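*Asks:* Following the hints, put chain B in place on chain A, whose structure we already have.
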Amino acid sequence: MRFPSLENHPQQQISPQNLKLRDDPKFAATKMAIFQYTAVAVFLFLVTGFWELQIKNPEIYSERAERNRIKELPIVAPRGKILDRDGRVIVDNHSTWSLILSRENLKTEHLHEIADGLHLDYDDLLRKVQRYSKRPKYEPIIIKEELTPADMAFVQSHQDPETFPEMETIESQRRLYPENGILAHAIGYTGEISEAELDLPEYAKYNQGQIVGKTGLEKQYNDILLGVDGERQSVVDNRGREREVLGIKPAIPGKNLQTTIDLDLQVVAELALEEHRGAVVALNPQNGEVLAMASNPTFDPNKFAVRIKGSDWKEITSDPGNPLLNRATQAQWAPGSTFKPIVALAGLESGSIDENTVFNCAGGATFYGHFYKCLEVHGAVTLHRGIVASCDAYFYGVGNKTGIDNLAFYAHQVGYGAKSGIDLPNEAAGIVPSPEWQMRTSRQKWYLGQTISVSIGQGQTTVTPLQMARAIGGIAVGGVWHTPHLLLSATPSEKPHEWALNPDNVKKVVDGMYGVVNEGGTGVRAKIPNLDVCGKTGTAQVASADYEKTHKDVKDNAWFVAYAPCYKPEIVVSVLWENAGVQGAHAAPTARDVIKAYFDKKARLTEAEMQKQQRNPAAALVSALIPKTSS
Amino acid sequence: MQAGMKDFDWTMFFVTMIICGLGVLQIFSATHDTIWQGSWWKQLMFIVAGVALMWVVANIDYHALIRRVYPLYIASVVLLVAVLVIGKRAFGSTRWIALPAGIHLQISEFAKIAVILLVARLLTELSTEVLQLRDLLKLGGIILIPMALIAKEPDLGTALTYIPVLLIGIFLAGMPWKYWAAIGLVLVVVVPIAYASLHDYQRARIVSFLDPERDPQGTGYQLIQSKIAVGAGGTWGKGVTKGSQTQLRFLPVPHTDFIFSAFAEEHGFIGVMLVMVLYFVLLMQIVQNAQTAPDRAGMYVCMGVGALLLFHILVNVGMVVGRMPVTGIPLPLMSYGGSSIWSTFLMLGLVNSVRVRRFVN
Numbered sequence: 001m002r003f004p005s006l007e008n009h010p011q012q013q014i015s016p017q018n019l020k021l022r023d024d025p026k027f028a029a030t031k032m033a034i035f036q037y038t039a040v041a042v043f044l045f046l047v048t049g050f051w052e053l054q055i056k057n058p059e060i061y062s063e064r065a066e067r068n069r070i071k072e073l074p075i076v077a078p079r080g081k082i083l084d085r086d087g088r089v090i091v092d093n094h095s096t097w098s099l100i101l102s103r104e105n106l107k108t109e110h111l112h113e114i115a116d117g118l119h120l121d122y123d124d125l126l127r128k129v130q131r132y133s134k135r136p137k138y139e140p141i142i143i144k145e146e147l148t149p150a151d152m153a154f155v156q157s158h159q160d161p162e163t164f165p166e167m168e169t170i171e172s173q174r175r176l177y178p179e180n181g182i183l184a185h186a187i188g189y190t191g192e193i194s195e196a197e198l199d200l201p202e203y204a205k206y207n208q209g210q211i212v213g214k215t216g217l218e219k220q221y222n223d224i225l226l227g228v229d230g231e232r233q234s235v236v237d238n239r240g241r242e243r244e245v246l247g248i249k250p251a252i253p254g255k256n257l258q259t260t261i262d263l264d265l266q267v268v269a270e271l272a273l274e275e276h277r278g279a280v281v282a283l284n285p286q287n288g289e290v291l292a293m294a295s296n297p298t299f300d301p302n303k304f305a306v307r308i309k310g311s312d313w314k315e316i317t318s319d320p321g322n323p324l325l326n327r328a329t330q331a332q333w334a335p336g337s338t339f340k341p342i343v344a345l346a347g348l349e350s351g352s353i354d355e356n357t358v359f360n361c362a363g364g365a366t367f368y369g370h371f372y373k374c375l376e377v378h379g380a381v382t383l384h385r386g387i388v389a390s391c392d393a394y395f396y397g398v399g400n401k402t403g404i405d406n407l408a409f410y411a412h413q414v415g416y417g418a419k420s421g422i423d424l425p426n427e428a429a430g431i432v433p434s435p436e437w438q439m440r441t442s443r444q445k446w447y448l449g450q451t452i453s454v455s456i457g458q459g460q461t462t463v464t465p466l467q468m469a470r471a472i473g474g475i476a477v478g479g480v481w482h483t484p485h486l487l488l489s490a491t492p493s494e495k496p497h498e499w500a501l502n503p504d505n506v507k508k509v510v511d512g513m514y515g516v517v518n519e520g521g522t523g524v525r526a527k528i529p530n531l532d533v534c535g536k537t538g539t540a541q542v543a544s545a546d547y548e549k550t551h552k553d554v555k556d557n558a559w560f561v562a563y564a565p566c567y568k569p570e571i572v573v574s575v576l577w578e579n580a581g582v583q584g585a586h587a588a589p590t591a592r593d594v595i596k597a598y599f600d601k602k603a604r605l606t607e608a609e610m611q612k613q614q615r616n617p618a619a620a621l622v623s624a625l626i627p628k629t630s631s
Numbered sequence: 001m002q003a004g005m006k007d008f009d010w011t012m013f014f015v016t017m018i019i020c021g022l023g024v025l026q027i028f029s030a031t032h033d034t035i036w037q038g039s040w041w042k043q044l045m046f047i048v049a050g051v052a053l054m055w056v057v058a059n060i061d062y063h064a065l066i067r068r069v070y071p072l073y074i075a076s077v078v079l080l081v082a083v084l085v086i087g088k089r090a091f092g093s094t095r096w097i098a099l100p101a102g103i104h105l106q107i108s109e110f111a112k113i114a115v116i117l118l119v120a121r122l123l124t125e126l127s128t129e130v131l132q133l134r135d136l137l138k139l140g141g142i143i144l145i146p147m148a149l150i151a152k153e154p155d156l157g158t159a160l161t162y163i164p165v166l167l168i169g170i171f172l173a174g175m176p177w178k179y180w181a182a183i184g185l186v187l188v189v190v191v192p193i194a195y196a197s198l199h200d201y202q203r204a205r206i207v208s209f210l211d212p213e214r215d216p217q218g219t220g221y222q223l224i225q226s227k228i229a230v231g232a233g234g235t236w237g238k239g240v241t242k243g244s245q246t247q248l249r250f251l252p253v254p255h256t257d258f259i260f261s262a263f264a265e266e267h268g269f270i271g272v273m274l275v276m277v278l279y280f281v282l283l284m285q286i287v288q289n290a291q292t293a294p295d296r297a298g299m300y301v302c303m304g305v306g307a308l309l310l311f312h313i314l315v316n317v318g319m320v321v322g323r324m325p326v327t328g329i330p331l332p333l334m335s336y337g338g339s340s341i342w343s344t345f346l347m348l349g350l351v352n353s354v355r356v357r358r359f360v361n
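Protein sequences appear in the order of chains A and B. Each residue of the first sequence is one higher than the one before, starting from 1 at the first, in our numbering. Each residue of the second sequence is one higher than the one before, starting from 1 at the first, in our numbering.
There is no bait here: all hints are sound.
Taking lysine-lysine and the DSS-like style, the derived pairs with C-alpha atoms no more than 25 angstroms apart in a straight line are:
| id | chain 1 | residue 1 | chain 2 | residue 2 |
| --- | --- | --- | --- | --- |
| 1 | A | 255 | A | 205 |
| 2 | A | 71 | B | 242 |
| 3 | A | 81 | A | 303 |
| 4 | A | 128 | A | 205 |
| 5 | A | 31 | B | 138 |
| 6 | A | 507 | A | 527 |
| 7 | A | 602 | A | 568 |
| 8 | B | 178 | A | 31 |
| 9 | A | 401 | A | 373 |
| 10 | A | 596 | A | 527 |
| 11 | A | 56 | B | 242 |
| 12 | A | 219 | A | 314 |
FYI, nobody ran anything at the bench for these hints, they're computed from the structure. Nothing here was measured: the structure is a model prediction, and the numbers come from that model.
Extracted from the complex, chain A is given alone in its bound form:
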C-alpha cells in the first residue's frame, strides 16, 4: 500500500478502518481536472481583459494617458496699453495670479468650500461651472482673478491631491485703470464675455471665459488691444507638479492704443466739472481729434476689471446720477441758446435775413396769437446784438422767417440729429425736429408755434455735447465737419462732411460769438487775456417753466460752447452742466479752463523748444538758416 510516510509516524490520528479510503490520492482526479479547466477559464478571462484594453482599442487609453501626463496652461496675453496723444500711459496692466479650476478632476461638492475659502459667491460659482458643462473637459475655468495673499495661501494649502486638486494658479494680466475715474467713460472697461455676446456673430471668434472690452474704447478697439494667449505645455505627475516643459507658445501682447486725448486737458476738464453732473468735450475742429472727453459722475473701471462684485454693480447701476452714462456722447438735451448761431446761419444762408434785418423785442414777441417771452426788453435787435445778448425775441423772428425746413436742413448740415460717427459704441443721435420728423415719429402735424420754440433750441430739439462741439467747430472752420475720433492714427473711414458756407455769413456769426465772450455778452466769464475766444451760452429748460417753478429739484441745464482762436480755430470745447439752474454761468469758466490749458501747454512747449535750441547753438543755427517748410 502506498501510505509509507504516514506509517513512519505512528502518532497520526487517522482511524485505521478508513486507511484504504483515505489512501488513494487519485479519488479526486476528475475534480482536479475541473480545477484545471477553471484555471484555464480564469486565465482566459484575464487575458481577454488585456486583449480588450491593449489590442482592441489602445488608442483610447493612450490618449487618456497623454491627457494625464500633459498639461496645457494658458499664458494670458496682456492687453495693449491705452496711451494719450503724448504717449503717456492711461491704462496699464499689472501681473496678478488667477485661480483656475481644472474641470477634468472637478468635484462639484468641493465648490462650496472653495467658494468660502476664496470669498466667492457659491451660487455664482456653481452657475459658472454649469455654464461650462457643455465645453470640452480640458478647458479650465478662471474663477478668480487678482488673488490676494490670503487667497494664495488658501490655494497653496489646499491644492494637494487629497483636498482640492482641481485648483491651479496661473499668472495673468489685470487691467489697471486710473483710479479716480479719469476718462473712464471713453475708455470703458473689460469683462468676461457673456453668454449673450457669445451668440453674436462678431464675437464668434472668442472663447468662453475670454476677457473682452465691454464698453468704450476697450470695446471699440478690442481687436487691436487683444493679444493672443500663449500656452505652456508640460509633463506633470499625479500631484500636478511639473516634471518637464514640453513647449511654450509665448503670448503675443495686444497692441498699444494711442489716443487723441491730451491728459493735460483731460485732467483740467475733469477737475472743472467738479461735483456737477455734466460733460466736457474738447475737439480739434481741423481734424476731429478728441482732445478731452469728460463725463461726471464717473466710476472706477477697476471694479469691472476683475469680475465685478454684485454689490459694486448694484451700487453703480442704482446710482441716480447714472455714472455709467457717457454724457459726452449719450446725454441728449435741448441745446437752448447754443442753437442760436445755427439759426442765424440758416437765416443768412437761406437769404431770409441779412445782418441788418431787425426784429423787435418787447420782452418777447407774439406769433400766431401767442406771446413768446424773452428774458429782457431788447428793443430793435439786429444779428450781432441778437447773438451777443442772446435775445430770444430776435431769434423767434429769424426762425419764423427762415422756416422750419431751412432750420432743420442747416441743423442736419452741422451734424445734429445723426450720430457723429465717433469711434465709441452706443453714441446717441439727438433730435432735429421737423414736420417730416414729427409725422414719422408721432403722426402729428407740425404747428407753426413749434418753429418758434426750435428757433431758440427748445422744443423737441436735443443734441449731445459731442455733437455741439463738432457743430460749432465745423462752422468756425468754414463748413467742414470732421468725424470725431479717439484713435490717433486713425484715418477716418468717412470723409468729413462739407457744406460750402458763405465766408461772409460765417464771419458774421463768428463775430457774434466773439461778442458773447469779449463784448460784455453772456459768456464774458470765458474771456482769456490775449486770446480770441468765441463762445455761446445756453440755458435749456428740461421741462416747462411752470413745472420747474414747482419742482425745485428740476432745474435748467447750462451749456457753453467755445472755441479759439476765433478766426483760425484749434480747439472747440462744449460744456454741459445738467440741472445747473442759476449756476449756469459756471459752464463758461469750465470751457475757458480747458481752452486756457490748451494754449498754456502750447506756449510751454514752444518755450521749451526755444530753450532747447539755445542750449544747442548748432541746432539753433540750422533752424535759423533753413526756412521751415511750413512757413
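*Replies:* Below, chain B without anything else, positioned relative to chain A:
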C-alpha cells in the same frame, strides 16, 4: 529522512524565478526615481531568503507539519490578535507586526499556511465518504476565526483569500448537493448583511468597481488609472522606465498591488502573455504535484496552495484590467513585499515537500 532533492520541481522553480525576476525589474522601473528606489534590491533579498525558506520546507516532511498543525494554527490566531492589539498602523489599517531590524510582518499572509495545513488534516481525518454537516461547520469555524480577525484590521481582500482554500477542500472531499444549496442560500442572506456592515471605503470600492467613471477622482480613480496604464501599453509596451502612468505616479502603488498594471504598461500585451503563461505553468505544475501526491493529505495541501494562488491572480490581475474591484491584495511573486514573497515561497516549499515524497515506497 531525505527524499532525494533531484525530485525537486525544477520546472516550477525556474518559472518562479523568471516571474520573480520580472517582478524585480518592474519594481526597479516603478521606483527608480522615488523614495522607494532601493526596493528592487530589498525584493531581491526577500526572494533569496524566500528560496531558502522554500528549500527548508521542501525538506521537511509535510506530515510532520500536519501533525503539528494545531499549535501552528493557534499560534497564527494569537498573532492575528496581537496584530490588532500591538500592530503597526499604516494606510488606515493595522496589518503588520514590527520586528527588530525594521521588518514588518503581515501575519495574515503566514496564517494562510496554517489554514491550508489544517484544512488538509481535517479533510484527511474524515470518517465518512462525503462531508457531513458537522465537518462543514468545523471547517467553516476554523476558517472564519482568522478571516474575522483579518477583516477587522481591516483587510477584507486578504481575508477573502481564505475562502478558496475552504472551497477547494470541500469540493475535492465531496459534499452533498444540498449543502452546496445551503451555502448558496446562506450567501444570499449574508451578502446583503455583510455589505451593510462594510466600512465606507470598502463599500465605495465595490460601487466604484461597478461604475468607476462615476467618481473618477475618488475610489474609481485607481481602477481608471490602472486601465489607462494597461491600455496605453498596447501590444509592445512603452519600455522599462518609459510608462508615463507608472513613472508619473498616476498609477497608485505601482510596485505593490498595481505592479502588474505597471508591467502591462511598460511591456505591453506580449509581456503580459509571457507572464500569464508562466503563472499558468506554475499552477499546472502545482496541480500535477497534487495528482501525483503520495496521499490525500499531500493532494489537499497542493490543491489548497493552487487554489489560493489562482484566487490571488484572479483578484489582483482582474483588478488591474478593471474586471475585479480594488481589494489591495498582492500579486504573488511579483508584488513588492517580504511577507507576500515569503508566504508564497513557503507554500511552494510545501508543494515540493509533497512532490519529493511521491515515489517513496
